[in-house]
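Q: First to last, the sequence lines map onto chains A and B.
The opening residue of the first sequence carries number 1 in our numbering; numbering runs sequentially from there.
The opening residue of the second sequence carries number 1001 in our numbering; numbering runs sequentially from there.
Because the hints were derived from the structure by calculation, they are not lab data.
One should not assume that every hint holds.
[To be verified] Keeping only pairs whose Cα atoms sit at most 27 Å apart, straight-line, the calculated DSSO-like set for lysine-lysine is:
no.: 1; chain 1: B; residue 1: K1117; chain 2: B; residue 2: K1174
no.: 2; chain 1: A; residue 1: K21; chain 2: A; residue 2: K174
no.: 3; chain 1: A; residue 1: K56; chain 2: B; residue 2: K1402
no.: 4; chain 1: B; residue 1: K1056; chain 2: B; residue 2: K1117
no.: 5; chain 1: A; residue 1: K174; chain 2: B; residue 2: K1021
no.: 6; chain 1: A; residue 1: K306; chain 2: A; residue 2: K21
no.: 7; chain 1: A; residue 1: K56; chain 2: B; residue 2: K1294
no.: 8; chain 1: A; residue 1: K294; chain 2: A; residue 2: K306
no.: 9; chain 1: B; residue 1: K1056; chain 2: A; residue 2: K122
no.: 10; chain 1: B; residue 1: K1294; chain 2: B; residue 2: K1314
no.: 11; chain 1: A; residue 1: K117; chain 2: B; residue 2: K1174
no.: 12; chain 1: A; residue 1: K311; chain 2: A; residue 2: K294
no.: 13; chain 1: B; residue 1: K1175; chain 2: B; residue 2: K1122
no.: 14; chain 1: A; residue 1: K56; chain 2: A; residue 2: K21
no.: 15; chain 1: B; residue 1: K1021; chain 2: A; residue 2: K56
no.: 16; chain 1: A; residue 1: K56; chain 2: B; residue 2: K1314
no.: 17; chain 1: A; residue 1: K294; chain 2: A; residue 2: K314
no.: 18; chain 1: B; residue 1: K1122; chain 2: A; residue 2: K175
no.: 19; chain 1: B; residue 1: K1021; chain 2: B; residue 2: K1174
no.: 20; chain 1: A; residue 1: K56; chain 2: B; residue 2: K1306
Model, not experiment: these values are computed from the prediction.
There are 2 protein chains.
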Amino acid sequence: MGLTRDIAQFAIGASGDEVSKQARAVMALSIMDWFSVAIAGKDEPVTRIVFQFIQKEGGAAQSSILGSSTKYPARAAAFANGVASHALDYDDTHFAYVGHPSAVIVSATLALAESRKCTGQKFLDAALIGAESACLIGTWLGRGHYQAGFHQTATAGCLGATLACARLLEFDMKKAQHALGIASTRTAGLKSQFGTMGKPYNAGAAAANAVESVLLAEHGFTSAGNALECEQGFSATHAGEEHQLGNFTERFRNNCLFESVQHKFHSCCHGIHASLEALAQIMEEHRVSHEEIKRVSVSVNPRWMKVCDIKQPKTGLQAKFSYRFALAMLALGIDTAAPASFVDEICQSMELGEFAGRVQVEPDSEHPDTAATVTIEAHSGSIHDQYYDLENLPDLAVRTRKVRSKAGSLIGETAARQIWNLIQALPHTSIDRFMQDAIASDQAESRVWPRSER
Amino acid sequence: MGLTRDIAQFAIGASGDEVSKQARAVMALSIMDWFSVAIAGKDEPVTRIVFQFIQKEGGAAQSSILGSSTKYPARAAAFANGVASHALDYDDTHFAYVGHPSAVIVSATLALAESRKCTGQKFLDAALIGAESACLIGTWLGRGHYQAGFHQTATAGCLGATLACARLLEFDMKKAQHALGIASTRTAGLKSQFGTMGKPYNAGAAAANAVESVLLAEHGFTSAGNALECEQGFSATHAGEEHQLGNFTERFRNNCLFESVQHKFHSCCHGIHASLEALAQIMEEHRVSHEEIKRVSVSVNPRWMKVCDIKQPKTGLQAKFSYRFALAMLALGIDTAAPASFVDEICQSMELGEFAGRVQVEPDSEHPDTAATVTIEAHSGSIHDQYYDLENLPDLAVRTRKVRSKAGSLIGETAARQIWNLIQALPHTSIDRFMQDAIASDQAESRVWPRSER
């Protein structure tokens, strides 16, 4: 068989009935999160530049681009929305995939589904199976691929999105394999562009490549059928580790990888998130106010010390990489979910600076990357500590509350509520109607709630 | 400095005055050859599929696609013409670049130049400097990059085409470096797709990527400035060998690499070309007819024995990989330059089969890949032998005659003559007028000279 054939068979063959209720609920969260970060990212400079490029090219009115009332070709919509949803680097992540699944997979699948006036149910199934395929391909390629310098969000993402789109168009095995072959020789993306507009661009280009690969295969384009694993194929040329995966369908039924997708709830460096969650938990459970706190100690994996322990941030961007400042913001009730909270002025705040002075950060190699322990000492003398590991996902109700709250912070309460309701009704709505309503919700919100400049 | 900066500086800074007359003449040959193979390749299945995809997307009427009277966005035109010009694998090649330069560079530069209504002179300068840049980047990456599985036509080609387009739009250093950064994270192409539609697709996608990279950089898109040589940059992730190149500008003035571009003159496997040239030379110089030939012996590098020594071809495609048959065709006056000559029926020809039986092929490791020795023994008893190495390029007059003769075989005498005249007048013509006239020449020819089905 070989991976190309196996993964194609899984993606086009998996029955929608095998999808658990939990997996469907998590997909809905990721779609809500995708809208939040994409709407919040649509005015970023990189998104605007890509949109101008697309506007000048024009083309058939097929699919929606967030922030625009004109439709564009499906490939262009996948490109623009892919860039928008990764522009803030605030979109969902997956450990097995080693990257951000929805920026690529939702962007591509949604654009193609809209251009074909698919039902919401068909889109949801395709996006979920495509995301699961991307997690499987990401696992197969392994961390070696990422460590060699390839942006797995774009590479595994393009391949997974290609499978999602192949499923959407009800491809047979041959067509699905040809589409993967095309995607394998088209997809790219280097980590050495991180820190530039190149990072979100990689995600958008990957989504566009997936749409292109599937539309060419639909027209009869043929390619080498074992493109991922063959001699000098995608894996061999891209430092793939080719891990064993077992039987996909069985694995999916018993343990859907995509269910463990993570959503980011703070608009700062990922290394700070676990400590923010731990502090919030202490303050909430023990009803401690910031005035009562005498000292805060944080233990984290040593790798973070060089990443996000800026002691005296001077700009909002630097505050995103400062344990002391981010924890101070949370303690004082500033919304760390909103990118707009991280403005340069906060670094001048006496109150924040004073609290930040009470925070101490210690490296501790016993902590995994994803965990932190926060200990607080109150003026009363009482001591509370809390360990938090991002890998231990809270239950669905908590995840849902957090995703919806983040959406409110990012795009406004009304738009967030309306889009959430649209997503709940999605199985029974056509995608073009859904997108029209979602865009209307965003545009109405913009009029009554001007977001601060980023 | 670093390669990214150096090559960008060369490409945008080189003065048109430094371009030798010989280099300009060779560029004109490559443009003629590009039109020949692209027009001949425009009805290939892969080209038709890509064109259908482009047609459905539609968009701004900016640039011409061969075979279409509607214009499309520059990026789409680069894509379609890139695929068309590489579809027959009959386009120009360069040893240092390790690939086919014009399919990518001419396709991208021409499309962008037309969309901006540039002068012919500006286009010619940009294409030549871009092609030279691609040869330099190809040399820098080295054969290791190709041997690892990357399709250098697409990779070095996209980077060179990006520089050609950056020059066309008169970018400053910063913009040119950003464009290269974008291209470095966008370009792809695997050799494992050879033998499928993926091969010409790689060339077309590379041309489209170059146009996209430059248009984004023009709009203000920023990227990492040392994208080719930085840690985990393009070279490090793509098995680049990073050969030393010396001073580009000086090197270009003294030894323009692009001048040694090769044009293919026979529509069969490249391994047979040197022996065809040697046989033609003997028959012409010594006025030997095919009836007078008793025996033909061919010595070639052993690597070709497994590639193109099919003894009893059954199809036209197999005849393209048969020394005996291809030499028989040439000896009997069949036009080996025309792809249409290699039809299945020729394998049934008694006369060809009879001549083929007189040809013997011997492996000889003293011969380089690019050379052959042909010895003929006439019935009269006289013996002639001829060594031919494709690397020893004939003088410009001979190359010109051959390129024009190939053009006549491929696209018809009238169209070939008209397009040749248009290219001669190109320095003083605007590109949009030039393309309009070239397409009209092609379309007029098609009406009076129906080409046989391939």
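Q: Taking each numbered hint in turn, which are not upheld by the structure, reported in ascending numerical order?
A: Hint check: 2, 3, 5, 6, 7, 11, 14, 15, 16, 18, 19, 20 fail, others pass.
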